[in-house]
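> On the provided structure of chain A, position chains B, C and D as indicated by the hints.
Spelled out from the first residue to the last, the chains are:
Protein chains: 4
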Amino acid sequence: MTGVLRPGHVQIRVFDLEESVRFYRDVLGLVETGRDDKGRVYFKCWDERDHNSYIIRQAEEAGIDFFGFKVLNVETLDKLEADLNEYGIETSRMPAGDMLATGERVRFTLPTGHIMELYAEKSAVGNGLTNANPGPWNAASEHGIAPVRLDHMLLYGPNVAANKKIFEEVLGFFLVERVLAEDGEFEAALWLSCSHKVHDIAFVEHPEPGKLHHCSFLMESWEKVLRAGDIMSMNEVSVDIGPTRHGITRGCTIYAWDPSGNRFETFMGGYQPYPDYETITWDWDHFPQGLDYPQRKLHESFLTIVT
Amino acid sequence: MTGVLRPGHVQIRVFDLEESVRFYRDVLGLVETGRDDKGRVYFKCWDERDHNSYIIRQAEEAGIDFFGFKVLNVETLDKLEADLNEYGIETSRMPAGDMLATGERVRFTLPTGHIMELYAEKSAVGNGLTNANPGPWNAASEHGIAPVRLDHMLLYGPNVAANKKIFEEVLGFFLVERVLAEDGEFEAALWLSCSHKVHDIAFVEHPEPGKLHHCSFLMESWEKVLRAGDIMSMNEVSVDIGPTRHGITRGCTIYAWDPSGNRFETFMGGYQPYPDYETITWDWDHFPQGLDYPQRKLHESFLTIVT
Amino acid sequence: MTGVLRPGHVQIRVFDLEESVRFYRDVLGLVETGRDDKGRVYFKCWDERDHNSYIIRQAEEAGIDFFGFKVLNVETLDKLEADLNEYGIETSRMPAGDMLATGERVRFTLPTGHIMELYAEKSAVGNGLTNANPGPWNAASEHGIAPVRLDHMLLYGPNVAANKKIFEEVLGFFLVERVLAEDGEFEAALWLSCSHKVHDIAFVEHPEPGKLHHCSFLMESWEKVLRAGDIMSMNEVSVDIGPTRHGITRGCTIYAWDPSGNRFETFMGGYQPYPDYETITWDWDHFPQGLDYPQRKLHESFLTIVT
Amino acid sequence: MTGVLRPGHVQIRVFDLEESVRFYRDVLGLVETGRDDKGRVYFKCWDERDHNSYIIRQAEEAGIDFFGFKVLNVETLDKLEADLNEYGIETSRMPAGDMLATGERVRFTLPTGHIMELYAEKSAVGNGLTNANPGPWNAASEHGIAPVRLDHMLLYGPNVAANKKIFEEVLGFFLVERVLAEDGEFEAALWLSCSHKVHDIAFVEHPEPGKLHHCSFLMESWEKVLRAGDIMSMNEVSVDIGPTRHGITRGCTIYAWDPSGNRFETFMGGYQPYPDYETITWDWDHFPQGLDYPQRKLHESFLTIVT
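Chains as they are written, first to last, in the numbering used here: chain A, 2 to 308; chain B, 2 to 308; chain C, 2 to 308; chain D, 2 to 308.
Hints are supplied without guarantee of correctness; some may be wrong.
[What the hints assert, rightly or not] With a cut-off of at most 27 angstroms between alpha-carbon atoms, the simulated DSS-like pairs for lysine-lysine come out as follows:
#: 1; chain 1: B; residue 1: Lys298; chain 2: C; residue 2: Lys298
#: 2; chain 1: D; residue 1: Lys166; chain 2: D; residue 2: Lys298
#: 3; chain 1: A; residue 1: Lys298; chain 2: D; residue 2: Lys298
#: 4; chain 1: C; residue 1: Lys80; chain 2: D; residue 2: Lys80
#: 5; chain 1: A; residue 1: Lys166; chain 2: A; residue 2: Lys39
#: 6; chain 1: A; residue 1: Lys80; chain 2: A; residue 2: Lys165
#: 7; chain 1: D; residue 1: Lys80; chain 2: D; residue 2: Lys165
#: 8; chain 1: B; residue 1: Lys39; chain 2: B; residue 2: Lys165
#: 9; chain 1: B; residue 1: Lys80; chain 2: B; residue 2: Lys166
#: 10; chain 1: B; residue 1: Lys298; chain 2: A; residue 2: Lys80
#: 11; chain 1: C; residue 1: Lys80; chain 2: C; residue 2: Lys165
#: 12; chain 1: C; residue 1: Lys166; chain 2: C; residue 2: Lys298
[To be verified] These stretches of chain A come out as covered by chain C in the derived footprint (C-beta under 8 angstroms, 3 or more residues):
#: 13; region: 135–143
#: 14; region: 228–236
Calculated from the structure, these hints are not laboratory results.
A virtual CB, placed ideally from N, CA and C, is assigned to each residue, including glycine.
Isolated chain A, as found in the complex (with noise of 0.2 angstroms):
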């Protein structure tokens, strides 16, 4: 209820920069939205309606740049700067215009060392149907997997306990979901909305910091994550697990790397709680259900490759 509304936007770094346009706009089906002079390539899914979710820039090493949330407006923005500052965490400010279409970033680095950002201006340039009497879908929704949304991302980094803190007391997300570790009381892995998203954004504890496990794109249906399968397979994409249900949030989902072995995600489902809920808990002789509810099965690659 603080007016953080969504994650926003998403910088990965990829190995070959038109290798990975290729494979986000044709295989993934992200719309390309524009290229900016530091070589940036900006994609949004088909039915966001801001300029850009999910940008790209060549790199010699994979993984996440930064991660951007909007919210409401730019008083929101400023009153949750000074929270943050308040609560002892320094920001910076980027320039409007640092990236396209997007206004004033503050920035900060989370305590499991990601870079985060708020903003409250995105450049809306629709979802490719109009205001007026839309159809319910369009071409976009067909070009490759397709998926509607840029939905969150699963971080890992060490010291999940203080990142969950800022979101809860600062930035005011609820926790909807977590997996305890073996002595039944550490917090190993965290799932927090702000919203009535089953999940915003969810942390694992890991040594390294800053490392990203996936970014995720939600599918509207059951058939349509087959239908991502198919697509990755034709297009020999290396699929990490599912189709599968997860315990956790019910999502039904697959995992698998883009071309520079960024993990992502399609999914569907899981429910819709509110801050009202009482968080769910997961022990460790359960995960494995959690993670992989029919086969009950803990994946290695899963658990420990990130980038």
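Here is chains B, C and D on its own, set in the frame of chain A:
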């Protein structure tokens, strides 16, 4: 962002209480959670966690008594009551315990003649799954139609413009979609959200105040909507329209009547808007497509029958 | 078990050839496979392997010219012709090559006035997937509505009882379902299968001979039926009924009209009967439920409009 | 076209009869239809109309005793027995009544070591829906996983080439798909149909005779396959692979083990071939994609564990 969470309860008048209990419990598949000394029967959807969301009482006339939105906490409740009063709306307090498992309710009458409530407290009884290592569903999920939640109401009454102002300016809702009358200006129908549901409440301009068009229940998939239609037929429930897709909201739906003639909806889908989204507008010429997307047809019964 | 395989082709009359080509190719999403010197345009469904299944020609009046069932081989063709003749039905031979990519056809007229054909040879052109290591679908599967196959026809004409006798006694079909007229005895509608499809052909008693109620195309899922309805609306196709489920056959369906007023169906589901199954009978009182299972309604247009 | 209809029954050995009854009745959701004086328990799928299709008996070793195909009538049975004998296959007759509700069975041993039967008579007990004005499903359709029918078996044994010859030349099956061994010539796996199901039976070359890879049960949708996986996990059933799609047959599937280690499949989809279709061939390099289309992976357990 004012702390209004969701439509939390609605009270509906029925002709024959026991026949209605059988209908709502065994055909619609709600979970009966209690009865009070006023003769009311309380239900919830299987995946809702609060004690009740749908309450029926026996009466000579069908229709809606009142509906309530849950807010974040008692501070929010007090703040919103003050805001309503300052706006010029009189409120009264229904005492805690007047409804089973429910705290104090702030009650007021909308310009359209509907009695609306806000409340902060309703006992959590859970969804029948544990909060530790829950499965994704249980037997209750397949008893009758078994919607996951009370989703929204569509109400008919005069002066929806005045309602809109209150919902937008005091309660923090935003206008997701609207239908313009033949003159191209008058807003004949409004879909409003306090979350990123495509509608938490909707209003249609109508001379008679306080009328109910339908209460809506969320299904998990288009296949579950088909199953809902099957169960309606097996139980000789009168169907109004559907299965079909609305152009408005993109929702996929069936409308039917309870034994007293109160219309209800079982639907799935639609998109998830945010407060920064531009409103979608349907003009009168495209309203048939907005109402029944494949058939592009205005259904007389759907537009005119209310309780 | 006589070697009659499936409805293999149907020839339909349309008013405007090029408008109809655009409709069948881009809206219904058939694959155009050729045109002949008689001005006919040949189509197939994407997953059919023979050269053509749906043929249109320009004419002053809409309707059906003829339909053909493919049989196992030329021996079967000869045998069935002999059987028909012995039964008392006159046959003629249409020469190989009269239709593109199609061998000799044995032609005869049914008591209901429809011209039926049997043939053994039509060139296999494949479904656009290779026969070595094929993917499950391809771009053609998503071009327009894109049904997987021509599934069956429903035809109106007098004396369906005589048709039934021929299909059962000579052609080896079995009666899957039937509707009895109000007298509880007269078979007003018949669904017949030569396979374990729930219908390969169907007949309804009607005074005028040789009429077409609809040609039916198979979709892969209920979600694809919804998508079909979306595409119909996007292209302003006139829909008759649906989406809905039939009680009869359990099929889930939409009926609509081509630009010339020929009705077609896009459907999925139904069960798979075998010749040892007892026939399902619908009496007149339950026919509304048989026709539109959720709505339990007789649709006037559906019952009376034919071409 | 020889009158062989479908796989009608299979007899499976289990370790603990009552535990297995609970599993097959309450988890897989078959309908128990009887027990005989040999201690066998008979089941059918809810939508099957004959008395039984899946029979279990207690034994020290898991695996398959025999399977039987239903044929059109006793004349067909006699004819096929004569054809088998003429081909050089010895047959014996199991008397009517040896299996509950089942007529005389013609029994013979396949080159792969499996005991196969043909039979013409099994009492119709119906699918729990009436033959007059039936609904599309009933409570049994949602008890446990609740497949609609026993669909096919995949069997392991030596000399599948000899099996193929019998099925093609005597029993009238056709080869739908096949996998070639690394040499590009040897047919390592065969999918055969006597109908237009994508498989009525399948064989894999294997040194040990008479082994069972799996019995397969048909589900109605991809969503029902997901539900099957949920129910498996709720009941701690060991899952082998899935949910996933096969490239081979396009079927969408989960494989799991019964309490005795007999693998079974719950699947949906695939296409519907006809005898005039060219066989689909998978070469060894593409077999991973044929087995698990999205993951393009050979699963060791799936390929090697049989009972």
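> Hint by hint, say whether it matches the structure.
Verification of the supplied hints:
| no. | hint | result |
| --- | --- | --- |
| 1 | Lys298/B / Lys298/C | holds, 17 angstroms |
| 2 | Lys166/D / Lys298/D | violated, 30 angstroms |
| 3 | Lys298/A / Lys298/D | holds, 17 angstroms |
| 4 | Lys80/C / Lys80/D | holds, 20 angstroms |
| 5 | Lys166/A / Lys39/A | violated, 35 angstroms |
| 6 | Lys80/A / Lys165/A | holds, 20 angstroms |
| 7 | Lys80/D / Lys165/D | holds, 20 angstroms |
| 8 | Lys39/B / Lys165/B | violated, 33 angstroms |
| 9 | Lys80/B / Lys166/B | holds, 18 angstroms |
| 10 | Lys298/B / Lys80/A | violated, 48 angstroms |
| 11 | Lys80/C / Lys165/C | holds, 20 angstroms |
| 12 | Lys166/C / Lys298/C | violated, 30 angstroms |
| 13 | 135–143 | holds (count 4) |
| 14 | 228–236 | holds (count 3) |
When the structure is compared with the earlier hints, violations turn up for hints 2, 5, 8, 10, 12 and for no others.
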